[in-house]
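Chain order of the listed sequences is Y and C. 42 is the number that UniProt numbering gives to position 42 of the first sequence; each next residue is one higher, with no gaps. 191 is the number that UniProt numbering gives to position 191 of the second sequence; each next residue is one higher, with no gaps.
Just so you know, the hints here were simulated from the structure itself, not pulled from any lab data. A hint or two may mislead.
Stated by the list, open to error - Okay, the calculated beta carbon distance ranges per label pair:
#, chain 1, residue 1, chain 2, residue 2, range
1, C, Arg277, Y, Glu223, 26 to 32 Å
2, Y, Glu223, C, Glu223, 39 to 45 Å
3, Y, Arg278, C, Ala226, 31 to 37 Å
4, C, Ala166, Y, Ala226, 53 to 59 Å
5, Y, Gly221, C, Pro50, 27 to 33 Å
6, C, Pro50, Y, Asp316, 15 to 21 Å
7, C, Ala329, Y, Arg278, 46 to 52 Å
8, Y, Pro320, C, Arg277, 31 to 37 Å
9, C, Gly47, Y, Ser281, 19 to 25 Å
Said to hold, decoys possible - To give an idea of the interface, some chain Y residues facing chain C are shown, with a C-beta separation under 8 Å as derived from the structure:
#, residue
10, Asn90
11, Thr91
12, Ala93
13, Gly98
14, Met279
15, Gly288
16, Gly289
17, Met290
18, Pro298
19, Gly307
A virtual CB, placed ideally from N, CA and C, is assigned to each residue, including glycine.
2 protein chains.
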Amino acid sequence: MKATTIHAARDIRFEEVPDARVEQPTDAVVRVTTACICGSDLWPYRGENPIKAGSTIGHECIGVVEEVGSSVSQVRVGDFVVVPFDHCDNTCAHCRAGMQSACVDLSITQSGQGELARVGHADGSLVRVDGVLGDGRPDPALVPSLMALSDVMPTGWHAAVSAGVAEGGTAVVVGDGAVGLCGVLAASMMGAEKVVVMSRHESRQRIARDFGATHVVATRGEEGEAEVMEITGGVGADAVLECVGTDQAMRTAFTVARPGSTVGFVGVPHGVELPIRRMFSHNVGLAGGMAPVRRYLPELLDHVLAGRIDPGLVFDLTLPMDQVAEGYAAMDERRATKVLLQP
Amino acid sequence: MKATTIHAARDIRFEEVPDARVEQPTDAVVRVTTACICGSDLWPYRGENPIKAGSTIGHECIGVVEEVGSSVSQVRVGDFVVVPFDHCDNTCAHCRAGMQSACVDLSITQSGQGELARVGHADGSLVRVDGVLGDGRPDPALVPSLMALSDVMPTGWHAAVSAGVAEGGTAVVVGDGAVGLCGVLAASMMGAEKVVVMSRHESRQRIARDFGATHVVATRGEEGEAEVMEITGGVGADAVLECVGTDQAMRTAFTVARPGSTVGFVGVPHGVELPIRRMFSHNVGLAGGMAPVRRYLPELLDHVLAGRIDPGLVFDLTLPMDQVAEGYAAMDERRATKVLLQP
Chain Y
1 MKATTIHAAR DIRFEEVPDA RVEQPTDAVV RVTTACICGS DLWPYRGENP IKAGSTIGHE
61 CIGVVEEVGS SVSQVRVGDF VVVPFDHCDN TCAHCRAGMQ SACVDLSITQ SGQGELARVG
121 HADGSLVRVD GVLGDGRPDP ALVPSLMALS DVMPTGWHAA VSAGVAEGGT AVVVGDGAVG
181 LCGVLAASMM GAEKVVVMSR HESRQRIARD FGATHVVATR GEEGEAEVME ITGGVGADAV
241 LECVGTDQAM RTAFTVARPG STVGFVGVPH GVELPIRRMF SHNVGLAGGM APVRRYLPEL
301 LDHVLAGRID PGLVFDLTLP MDQVAEGYAA MDERRATKVL LQP
Chain C
1 MKATTIHAAR DIRFEEVPDA RVEQPTDAVV RVTTACICGS DLWPYRGENP IKAGSTIGHE
61 CIGVVEEVGS SVSQVRVGDF VVVPFDHCDN TCAHCRAGMQ SACVDLSITQ SGQGELARVG
121 HADGSLVRVD GVLGDGRPDP ALVPSLMALS DVMPTGWHAA VSAGVAEGGT AVVVGDGAVG
181 LCGVLAASMM GAEKVVVMSR HESRQRIARD FGATHVVATR GEEGEAEVME ITGGVGADAV
241 LECVGTDQAM RTAFTVARPG STVGFVGVPH GVELPIRRMF SHNVGLAGGM APVRRYLPEL
301 LDHVLAGRID PGLVFDLTLP MDQVAEGYAA MDERRATKVL LQP
């Protein structure tokens, strides 16, 4: 099969690799009908993470079940499914507690930007999309939003849940990447009265407003923090969603959080030093991490199918999968917020 | 007046200083009838914090109102009061949100181990002890538990609240100092089914059991962590109370916390590097900080007066206040868990 591989920083290829196949009786293989590029894929792309030359990259996809292992009973060949990037058995103690991203037998999609992807614990992981299918495929208009359910939308949702967004409060979203935008959508859905997004890019500001942002702060650092504090009447935000993963973003998040509130973080932290003295003196907590996608998937799928949310708006560039390298470059250079890939 | 001062590491004196007096119309001055030494006083005592030679030290006391400022209306001269170590107006946005330790006009008791202590925002801070008084003083048997309400018991309570201790769950308390012991008491009062205390000292283990600990882990580091994991069936604790403030204690706390749980921390952090990658991958949060004593005081006072809790058991050495230096030495050398001082 063909799949996306990374050979070095900024060296992305779409090339022949061994077929994904059922390895465990609980596995399934999904034929990818749509894939996309994650902000976190840019860390190795930029050389910030170690790279094993020639390894596949990409963990977000949706598609049709191509093959199932002997013990898989909840999905069948031909089912159209959303693939959570983090696969879980959905039965262990951590999964039952809603923390599927810490499943005792966790695995991650390895060739999501390819023709086929292996999914561990298919019964626990995959969520079938029913009722909107013609010829086994969903309405093309729904595809981007279904694609967003594999990672980005549940991740933004997790930031809001972790930050404890509540009805009537003020939520601040640090970061206007696709995850941050989905965080805006989540905070808005959860009833926050003020949803402040920190964003310098006009196109992203537009999406943020579509997603329910009531305030846009276009400045950064101390200036941006002062602006947010003013919006919150000097008190600070009731909930802060940190959707970047850098030290500056984290510092801003803690600076604008009101005492007693929580920073929900979902950006893979890179070079972050937590301001523990401030956390202590201001009683600002930190919660979050890798999103338990499977936990939120059924609810979010309902929202998408009912037309209550349209997270697919985060995709502003669609490319054929064999042009995936251009997709990475476009996201790296901020010419695109998030790139959809079609085989 | 006489008060406790610190001149250098391990140089504690009880000596003449300027009288505490009403400086703002919202102040009160309290004649200290009982004081005590806080674990956090040991940081400067051991030279771990900067010391301003000759400054007063000590922030925990109870006593009788000696003088009030012109705008004080909720307490009167002669009232017997518990003095929260952190003074708050109890009306600002942070106070109203239950985060009195972040009051916009926060102050801290400065001469609690002295004859007189100034209290800022007396109306917002002080809590009168009614109904158990003969000649204006409480029953001597109640004094240690009332004394514990100034800081140590609300701080242990705050650890449990911050960690999200819930009925039926497992709570692990890292640290068997007086705060940790009060954390055990809090977790037990909140209905945790298993309350695990990590303690190597027999006398403290006894108090912990009196406070409701169901399990004692006497080992530390990896060995202790393994023991706790076994108690929790390999899953990890539903709530972890970090009551020390060192890097080792924090590491242990995060290691034994189940994915999706929260470490509640109340030990002033010293040299702590938070394991952010683990926090992210395991979705273990951190919450807590300086305790909003005034928030918990009325409820905890009720518990003490009704005989439901006896946090005064943490005091295992009582000294006259002029022997305060010996009190510090006893706590530093772990000959005492917590020292009560009587003028």
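* Should the hint that Pro320 of chain Y and Arg277 of chain C are 31 to 37 Å apart at their CB atoms be regarded as holding? -> 36 Å, holds
* Residue hint Asn90 of chain Y, partner chain C, criterion CB-CB below 8 Å -> Nearest chain C Cβ about 14 Å off; hint violated.
* Asked: Do the beta carbons of Pro50 of chain C and Asp316 of chain Y sit within 15 to 21 Å of each other?
  -> With a Cβ separation near 53 Å, Pro50 of chain C and Asp316 of chain Y fall outside 15 to 21 Å, so the hint is violated.
* Asked: Does the Cβ pair Gly47 of chain C, Ser281 of chain Y satisfy 19 to 25 Å?
  -> 22 Å, holds
* Asked: Regarding Arg277 of chain C and Glu223 of chain Y, is the given constraint of 26 to 32 Å on their beta-carbon distance met?
  -> 30 Å, holds
* To do: May I ask you to test the interface hint for Gly307 of chain Y with respect to chain C, counting a Cβ-Cβ separation under 8 Å as satisfied?
  => 31 Å, violated
* chain C contact restraint for Met279 of chain Y - C-beta distance below 8 Å -> 6 Å, holds
* Asked: Regarding Ala166 of chain C and Ala226 of chain Y, is the given constraint of 53 to 59 Å on their beta-carbon distance met?
  -> The hint (53 to 59 Å, Cβ to Cβ) is violated, given that Ala166 of chain C and Ala226 of chain Y are roughly 38 Å apart.
* To do: Let me know if the C-beta of Ala93 of chain Y comes in closer than 8 Å to any C-beta of chain C, holds or violated.
  => 5 Å, holds
* Asked: Okay, Glu223 of chain Y versus Glu223 of chain C on CB: inside 39 to 45 Å?
  -> 50 Å, violated
* Closer than 8 Å between Cβ atoms is the bar; does Gly289 of chain Y clear it against chain C? Give me holds or violated. => 4 Å, holds
* Measuring from the C-beta of Gly288 of chain Y to each C-beta in chain C, is the shortest one below 8 Å? -> Where the cut-off is 8 Å and the nearest Cβ of chain C is about 7 Å from Gly288 of chain Y, the hint holds.
Taken one by one, the earlier hints fail for this structure at numbers 2, 4, 6, 7, 10, 11, 18 and 19, listed in ascending order.
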